[in-house]
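J.: The lines below spell out each chain.
2 protein chains.
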Amino acid sequence: MKRNTENNVIKGTAACIAVGSELLSDAKLDLNSLEITRVLEMYGFDVVEKRVVGDIIERIAASVRELLDGCEVVIVTGGLGPTADDVTREGVALALGRDLRHDAEVEGWLKERYEKVGRTMPEIGRSMAMVVEGSEVIRNAAGSAPGILVEEDGRLLVVFPGVPWEMRSMIESHLKARLEQRHDGTIRGSRTLLIGGVVESEVEGRIRHIYDRFGRDNVTILASFGALRLVLTATGAEAQVEQDLDRMEKAFREILGDDVAGIDISGLAYAVVPALVASGQTVATAESCTGGLVGAALTDVSGSSDAYMGGVVSYSNRAKEEMVGVPHDVLVEHGAVSEPVARAMAEGVRNRFGTDWGLGVTGIAGPSGGTDEKPVGLVHCAVAGPQGVIARHRVFPGDRSIVRQWSVNGVLDMLRRQLISQS
Amino acid sequence: MKRNTENNVIKGTAACIAVGSELLSDAKLDLNSLEITRVLEMYGFDVVEKRVVGDIIERIAASVRELLDGCEVVIVTGGLGPTADDVTREGVALALGRDLRHDAEVEGWLKERYEKVGRTMPEIGRSMAMVVEGSEVIRNAAGSAPGILVEEDGRLLVVFPGVPWEMRSMIESHLKARLEQRHDGTIRGSRTLLIGGVVESEVEGRIRHIYDRFGRDNVTILASFGALRLVLTATGAEAQVEQDLDRMEKAFREILGDDVAGIDISGLAYAVVPALVASGQTVATAESCTGGLVGAALTDVSGSSDAYMGGVVSYSNRAKEEMVGVPHDVLVEHGAVSEPVARAMAEGVRNRFGTDWGLGVTGIAGPSGGTDEKPVGLVHCAVAGPQGVIARHRVFPGDRSIVRQWSVNGVLDMLRRQLISQS
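Chain order of the listed sequences is A and B.
Taking the working numbering, the leading residue of the first sequence gets 7, the next gets one more, and so forth.
Taking the working numbering, the leading residue of the second sequence gets 7, the next gets one more, and so forth.
For the record, the hints were derived by calculation from the structure and aren't laboratory data.
Treat each hint with caution, since some may be false.
Chain copies aren't distinguished; within one or between two, either way the pair holds.
[What the hints assert, rightly or not] Capping the alpha-carbon separation at 30 Å, the derived lysine-lysine pairs in DSSO-like fashion look like this:
no.: 1; residue 1: Lys122; residue 2: Lys17
no.: 2; residue 1: Lys256; residue 2: Lys122
no.: 3; residue 1: Lys17; residue 2: Lys34
no.: 4; residue 1: Lys34; residue 2: Lys182
no.: 5; residue 1: Lys380; residue 2: Lys117
no.: 6; residue 1: Lys380; residue 2: Lys122
no.: 7; residue 1: Lys117; residue 2: Lys182
no.: 8; residue 1: Lys34; residue 2: Lys256
no.: 9; residue 1: Lys380; residue 2: Lys182
no.: 10; residue 1: Lys122; residue 2: Lys182
The structure displayed is predicted, hence computed values, not measured ones.
Take these sequences, add in the hints, and give me the full structure.
T.: Right under this line is the structure:
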């Protein structure tokens, strides 16, 4: 990245603005910027700031102005529709000090579009035919509101509708080509190592010391509950980036060994299912506190039917006995949340489904149901396999949904490690 | 909202800044601002802008300055930790034109905190004892990094750590009291109607015409897959807000009737489980394409063990036969994805678990497995109950995970309507 002092632009920097008061509520998030970020990074651009602003002309104008002062590329989404609260056109015109003018050709496109879906353009639709003086109009192939594109003083300003598929179609038709032109061959590539293992602070401690070797900005840890993500990034020419990422991956693998469940996979099930399929093995699940989440995780993987035969959600004790075959005495003696029950669930479901592996999970997800001896968060996991049954337990921190997530990752990681040690 | 021209503050306006380069990647989102927004709205503040900025002193400073110019309250989160890329303290000091100074008392707190968790404060920990001149230091009850609070010229600037529970504890201990002081009795309240029913465009069409009666900004539709959310908001004195929301709720309920599954609930299971518990009834599930997601949704509700006895993930045909009791002939004649099989699953699981209700779901979630006759997205749902079995099918649009989500909501909504018609 080099500063071009003449017009105060830092080459290779980009920013996003999402316009829409609804995106400022506590119920909705700007997700468009994630897609835009992906595209920008593909062409070596670094997103340095993101904003969400309401449907207010002055605020939109201020944000566009502030971000164009420094960034090479500014992408705005939303507020291009026909209603009174769609004022992004006005905000952009104000930021650039330009006028809006009615464009007959654009009105023609709009009328055509409305006719195509069997409607007549309403009078308010005409507002979408107002264009910013001196800008390029991006025709909307997937909807009505046109986009706006301005290139000036070494900067690129693009405005997309907020509707995701309309935005996407304009990213393909216009944005990528403009980014490609500005692209100096430098890209920003990334690779994500999924780390299985429930003790995340420990993993962090082990890898912290090699952060610096690759630059702190190039390694990000995203902790979730029992499945940590290590995002490695590198910037440079495409071939160089691949080499750098290979080198980084190798360094982390040397430290983490079998803790690395996979590369660029979205969950531990995406390591477990292919390993099972590759070795022609099958699995079944018996779940209590997770209530079906382990099965859901496994079946999230397309093609999982070759490895996952099914399972039982044995939420009640009766289901544990009748559907999984947990002995009544074991339940009475140890209680539903206990290692013997977890073991019996894993073994029982393995037998009932005739699979190579059986998983058992029983615990107290909370918020109620905890005791001094068996607190909320206590979860017993067991894996039954060709060589017998292993079991582990832990008291997981967090609320009900977090305890459940820990449990899913915990039992899947146990199976994952069993499969590795077997091969 | 009234403008106080003396110091350029618009009373009742607020803004959030999340600091952290990782929040600018395509893999992570600023979620803290959602919680902060909820609190701000409780005290009548209107969030007019949100930003995410990287760990760069000048960018943090510019955002704080720009947002304090106009907003009464600015909340910053993140970048208060001890590492080199935690530079929020420096950014805030720069924005305010103040110095940072070392504070011995704060260092004492930090050392105490480290000792409490059995560690010695590392040398870099001292950076957290640097405080902004003339600010209040917020002690961190849930972690180490202290927060920052500045009140000046009618404005409030608060800086929290990015760790959610640390932020939450400071919201409780400091933010709420300060907002309460500034609170003029006007609040912004909201109420969310959860709408069950799979055809969302149809629901939208029915309610669109009453948007205007309540002001477009006050009604937001959030569509997800088979469970639509209608967010109603009102602004004013607390009693007035309640009245307005009652009036709005009534108007929408008149149109939507039984389509309204509940108020301020996070999913259809939160309507179904209480209805079952209240009437002393129980349910069991037999799932194929959803792989455990229906069970997971039901058991997401704390206390669901009173109503949900468990289920079978009958992913394989063998499991459908042996574990649920689907007749072999029915499977052979109609195929696993068929109405007769869905019915047999619902009935079978009801019998096996001895419950009042049984749910059956079988479908093709894709991306593979579709045929001309049975395309990807085809899902059969069945509900078996005291009066017999009902079944429905639909071809859901979307990818694998979306088809699964539609299916979960579809079958839960069928049960919900059965429970209503029964009562």
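J.: The structure should be examined with respect to each hint, and the outcome stated for every one.
T.: Hint check:
| no. | hint | result |
| --- | --- | --- |
| 1 | Lys122 <-> Lys17 | neither (42 Å within a copy, 47 Å between copies) |
| 2 | Lys256 <-> Lys122 | neither (53 Å within a copy, 37 Å between copies) |
| 3 | Lys17 <-> Lys34 | between (32 Å within a copy, 24 Å between copies) |
| 4 | Lys34 <-> Lys182 | both (27 Å within a copy, 23 Å between copies) |
| 5 | Lys380 <-> Lys117 | neither (65 Å within a copy, 33 Å between copies) |
| 6 | Lys380 <-> Lys122 | between (61 Å within a copy, 25 Å between copies) |
| 7 | Lys117 <-> Lys182 | within (28 Å within a copy, 52 Å between copies) |
| 8 | Lys34 <-> Lys256 | between (38 Å within a copy, 24 Å between copies) |
| 9 | Lys380 <-> Lys182 | neither (56 Å within a copy, 35 Å between copies) |
| 10 | Lys122 <-> Lys182 | within (28 Å within a copy, 53 Å between copies) |
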